[in-house]
Structures are given as C-alpha cells and as structure tokens.
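*Asks:* Residues per chain, in single letters:
2 protein chains.
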Amino acid sequence: MDAVTFELIKKCSKTKARLGKIKTPHGYIETPVFMPVGTQATVKAIKTEELKEMGAQIILSNTYHLYLRPGHELIQEAGGLHKFMNWDGSILTDSGGFQVFSLGDLRKITEEGVTFRSHIDGSKHFLSPEKAIEIQGALGSDIMMAFDECPPYPADREYVKASLERTTRWAKRCKDVHNKNEKQSIFGIIQGGMYKDLRYESACQLVEMDFPGYALGGLSVGEPKEIMYEVLDYAPDFMPAHKPRYLMGVGSPDYLLEGVERGIDMFDCVLPTRIARNGTAMTSKGRVVIKNAAYERDFSPLDSECDCYTCRNYSRAYLRHLFKANEILSSMLLTHHNLHFLISLMKKTRKAIEEDRFSEFKKSFYDAYGEI
Amino acid sequence: MDAVTFELIKKCSKTKARLGKIKTPHGYIETPVFMPVGTQATVKAIKTEELKEMGAQIILSNTYHLYLRPGHELIQEAGGLHKFMNWDGSILTDSGGFQVFSLGDLRKITEEGVTFRSHIDGSKHFLSPEKAIEIQGALGSDIMMAFDECPPYPADREYVKASLERTTRWAKRCKDVHNKNEKQSIFGIIQGGMYKDLRYESACQLVEMDFPGYALGGLSVGEPKEIMYEVLDYAPDFMPAHKPRYLMGVGSPDYLLEGVERGIDMFDCVLPTRIARNGTAMTSKGRVVIKNAAYERDFSPLDSECDCYTCRNYSRAYLRHLFKANEILSSMLLTHHNLHFLISLMKKTRKAIEEDRFSEFKKSFYDAYGEI
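Quick note, the sequences are listed as chains U and A, same order.
Residues in the first sequence are numbered consecutively from 55, following this note's numbering.
Residues in the second sequence are numbered consecutively from 55, following this note's numbering.
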C-alpha cells in the first residue's frame, strides 16, 4: 500500500475538471492544487507560517539544488527536510532530472545516468535513478519523482522515443530501489514530447508499473502555448482516473485553468515567486507591473478583490516605492500576494467544480483577467 | 502642552538608570527603549506585524531618504507615514541633518541651511530647519527632531563651538515654524562634540527653549568607545530629569546598557538589521557569524535562551544554508532575531530597573555575552 493515496471526489459534468483529495503522511491536499516552489529548502522571500496561513498544503523542493547545497546527508541529519525548513505540510521533491538536463554542455547522459558539473563550483557529480531516490529518501519528501529524461523542444521523434523508453527503464530502476520505504511514494513521469502516440506509449509503460500518481513532464519547455494545450487535450486520458495527475512546471493562471479543464490535479512553478521579486503581481484584473509610473500615487490596494495581508495593508504607491528603493519588503509582500492569489484561485476552482460551474467560473475569471 | 509627554517611573538606587514611559498620539513607549530603524519607510526585511508582535512600540524613519524618495508630499497624500507603511505605533523621524552632513563633498553648509546633491540621482536640494520641519510635518511622525549640525570626529574646539551655536539657532528656527502643530513634538539635539563645557553650553541653550525631549547627537561618529562613555558620564546630567533622553545612532548591546546606566532612555541604530543581512546574529552568548563552518551541522537554535520565531523554529545549520545560498529568508530570519534580541534586552533591562537590580543584571549579561 502506497503512503500517498488519492480520492476522486467529483467530476465536472461538462469538462474533464475534477475535485479530489490526496492523502500523504503529512496531511491532506485538496486538488486541483498549486504547489509553491521552495528550490533551496525555502520558498523564496516568505516564511512557512505565512504559507500555512494562506492555505498551502504542499510545497515542492528541488533534489538537484539540495543535493549540491547543503547536501542531502546534512538534511537527513537535521531530521529531514520538513524539520530542517520548518514545514509540517506535505513536500514533493522533483528528481533533479530536469535541472541536470538544463545544464547543457555541463552534463553528459548515458544509460547509467547523468554526469554533470555543479552550477555553484563546477565540481563533478553523477545522478542516476538510484541516486535520485537515495537523495529524495534522505530528504524525506512525501512524494518523490522518478528520475526521468526531459527532452528539449523542439526534439525529433526518434530522440523523443529513445528518451521516453529510457525514462521508462529509469522509472523501473527507481521503483526497484525504493520498494521498502513506507513513508514516501514515487510518482512516474510521462514523457513523449509533443507526439501523441509517444505520450501514449510512455503512459502505458508507466501505468503498467502502478505508481500512485503520474506527472506530465516535458511540457512548458519553450513550446507555443497551443502545442501544450494540444498535448493536454489527450494526455490526461492516458493517465489513470483514480490517481493524481500532475502537470510539471506550470504556474500562470491561464495554464492552471486550462490544465484543470483537461483533468489535471497538481501544478507547480517558480513563476509567481520569481515575478514577485521582479516587481510583477498577478491580480484579478491581470498583471500589475508595480514600477510603472501609473502607480506612483495610486493609493488603492494591489488587487481590490484580494484579502491577503499585502492587499489588506498596503497601497500600490507603497509597493512601488519599496520596489524602486530596492527594499526586501517589496519581494516579501509581492511574493505573499502572488502565492495567495494562485492558492486562492485554486480554492475558487475547487468550489466551482464542486458546484458544477467550472466553465462559467473560468469564463468570468478570463473576462476580468483580460490578457489571455 | 506638547503631544509627547514623559513620566519618570523609577530611578535605580545605585546607578543613573531610570524607568519611564513616553506618551505619544500613537500610544505609550516604555523606556529604556531601542527603536528599530526604518530608513525608507520600512524596517528592512521585516513586516510591521512582526515588529508589533515582538513588542516594538516606536520605530525611527529618515527624513532625508523619504524626502528624496518617494517624497514627503506623496506620503502626506497617502495619509501620512503611519498609514503609508502600515505602522500604528509611534514614529520618530530624524531631521535629515546627519545624512546630509555625511554626504561630504556633495553638500555645502551655510547659516541658512544645507545645499546637497541626492545620492540617488545627483539632483540638487536644499535642507534647512524650516524645510526639515515641513518635511517631518508632512510625514506626520510623533517625534520630530530639530535640524542640527553634526560635527565629525575628530573636530577642533572652535569648529565644534561654532557648530553647536548654529545648532541652537537652527533649533529655535525649528521651534518657530512648528508651534501650532498639536500632534507632533520636536526634540532638541545637544551637540558639543567631546568637549564637556561645550556639551554643557549646548544643553543649557536648548533646555532654555523647553523642548519635550532631548537627544545627544554627534556620538558614535567614529570616536573610541571610551571617549563616548566619557561624554555619557556627564552629558545626561545636563539634560532635564523629567524629559526623555535619547542617544542617537547607538545599537550594540553594550552601548545600550552603558547608556542606560548613565541615564539614557532611548536608542536607535541600523546595526541589528544591517548585521543581520550580513549574516551576523546577536545572541546571549555574543555574536554568531552564521556562515562559519562551525555551524554547518549545528542543529541547535541560534540562541538557546531566545524564544523568538527564528530560534523556536530553525537551526543554525539551516540559517547557515540560507545565508550561503543567498536566500532572502536569511535576512528575514536574522533580522527578526536581532531586533527581538534588542527589544527583549530592553524589556529585561526595564524589569531589572524596576526591581532595582540593574547593575547585577548588566554584569550577568556581560558575563554571558563575553566580548565587551
């Protein structure tokens, strides 16, 4: 029995949107869910107590980064990642695959695994399915991701086919070294690029292995939005209905809603926190670039429909001042708002699915957001 | 009747330490008090709600910085500094004098005031006693500081004498333009460098003007600690006993305790927040430089005697990791701790004075702190 289980609560009558609940050793996660990213054992510029208060139930952290710094053994000694970073909710760790493949010239892939050089000090390292599971085991995440190969976009069919088959073999190796751990579960990652039959092939092979959850990898890697939506039109149907479906690396409001509509349950992305530090807020009326002169004397809140700490207490004029003055509080307040915005968007989405009015909800959100 | 009043509650029987209470339109301030500095309308890397929670009753903000950016008129339009920065406790603003004098070649002093160039864009500005009060009036601080001239260290007697006399004339001009405002009070600043008779002269002239509080300026400007203590040995005696005494720009634990022992009630300094961002914590056992290798696997809290958010939830190993990984959370958590440390030190100091055991308290603090 896997430590992570999924209950499908309700399906939308007009779309593939679904309401569900994931159970992990650290609690329940209501889906659809957006997972804030804490790359280096911290969601940047925000305290875990704030994440808790705004209703975050699960965060994501990165195997590649934590392996290099401070090291997974150190985190294990500290009592695991939850304790180290003071987060008692659920944690999902990626496998490190995506990061090492993104290193370009700094890495070399073989059947055994990937040799790469650290982006911090250039030191040489080796990551393999076994090693990725060992690291994630030491971190103690609730959901571990299988070590996969993520092809770039564009990539030719032959490359993608070979890559997905290797991903399947690697997924098997992950499962083989993991089977005795009862507190952590592994999700499989479906590859196959933008080729429908290859997505199907990858899904079939992984579903065969009976993971407790599945992710779609290799999307949001530079392809046009329409191409991604095309894959999302069919790929979720290849994934078991009674298990959570996770679309990796996606975090704009429209991607979330389009994903939900097509049957996706989980999302993660650095987007909301990264743009916050660059002075951009997501609001119910679209993005606000806070440094713009238009906000100099705008004493209204960032988003008049938002009830987050930032919107309850500060004006756009103040936030603009902080950003222009390079104050850390600018990153703190905008990060808080953006994460609250996405978490609250997913809360409203769940309510809409529960009341079987998801399409109407999506339309009214888009009408106000205005930039889709 | 001044809006700011002071009640002297108790005096130590063995030292000049005193317990008091300042009343402002924004509440009470128990003294001795350390005031966190919010230079640009934010105490760096911390939210005002955290300051409130840790017991901060007053913060300081800077006239020079706010005048240049975002501009005092904008803050006035926003409803004043309290509202702009979401702080409902008391605010003290400095006069901008210290900052413009620190500009060196970028400023020129005449009897009328100081012409200077902005450190941000090089634009030309003029600050005078009248302008400093106008700006502070627009900001709406509870305590405004008179516009003074702060001589450097070392400075010869003739210069210091001329400077303090100008400071007196400027203080009078500040008072003259202010007299009708009932919500804000002006404190006078005593200069006189390291010359006892000049400090006396400055104090006499200002006391004559009957300000509701007095500061000692021109200390902690580069002089050896012993020289500062020498001035502190006599200068507080020149200040009225029934009014608050404020030592400007001082924020290390030993300076605070030495000041309290000599009859000082108020302190401010960027030190705790600045060293926090540089990775240094003040603890009951002295300073901790968190990047040191010694803390790599130190899973104990920063300060085992501290009950702040940081110490209750995080280890030195985690804080070291955050600092080395350049995470904003490092600045946030260390800032929180350092401010909590000084505010809590002042709380304990007040209790010790109340129980007439200040000297014992100071000795036991020093014994543990160990680097005085």
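The set of hints was computed from the structure by calculation and includes no laboratory data.
By construction, the Cβ of each residue, glycine as well, lies at the ideal position given by its N, Cα and C atoms.
Some hints here could point you the wrong way.
As the list claims (entries may be wrong) - Coverage of chain U stretches by chain A, computed from C-beta distances (three or more under 8 Å per stretch; other residues unrestricted):
{"hint": "1", "segment": "141 to 151"}
{"hint": "2", "segment": "376 to 383"}
As the list claims (entries may be wrong) - If you want the ones that stay clear, here's a sample from chain U, every Cβ over 12 Å from chain A, calculated:
{"hint": "3", "residue": "Ser-274"}
{"hint": "4", "residue": "Arg-331"}
{"hint": "5", "residue": "Thr-389"}
Claimed, not checked - Derived pair list, reagent style SDA-like, types lysine to any residue, alpha-carbon separation capped at 25 Å:
{"hint": "6", "chain 1": "A", "residue 1": "Lys-137", "chain 2": "U", "residue 2": "Lys-405"}
{"hint": "7", "chain 1": "U", "residue 1": "Lys-137", "chain 2": "A", "residue 2": "Val-261"}
{"hint": "8", "chain 1": "U", "residue 1": "Lys-405", "chain 2": "U", "residue 2": "Ser-358"}
{"hint": "9", "chain 1": "A", "residue 1": "Lys-237", "chain 2": "U", "residue 2": "Glu-255"}
{"hint": "10", "chain 1": "U", "residue 1": "Lys-378", "chain 2": "A", "residue 2": "Ser-274"}
{"hint": "11", "chain 1": "U", "residue 1": "Lys-378", "chain 2": "A", "residue 2": "His-119"}
{"hint": "12", "chain 1": "A", "residue 1": "Lys-215", "chain 2": "A", "residue 2": "Ser-274"}
{"hint": "13", "chain 1": "U", "residue 1": "Lys-226", "chain 2": "U", "residue 2": "Gly-143"}
{"hint": "14", "chain 1": "U", "residue 1": "Lys-137", "chain 2": "A", "residue 2": "Met-108"}
{"hint": "15", "chain 1": "U", "residue 1": "Lys-405", "chain 2": "U", "residue 2": "Asp-291"}
{"hint": "16", "chain 1": "A", "residue 1": "Lys-237", "chain 2": "A", "residue 2": "Val-261"}
*Asks:* So which hints don't hold here, by number, going up?
*Replies:* As far as the earlier hints go, 1, 4, 5, 6, 7, 9, 10 and 13 are violated by this structure, in ascending order.
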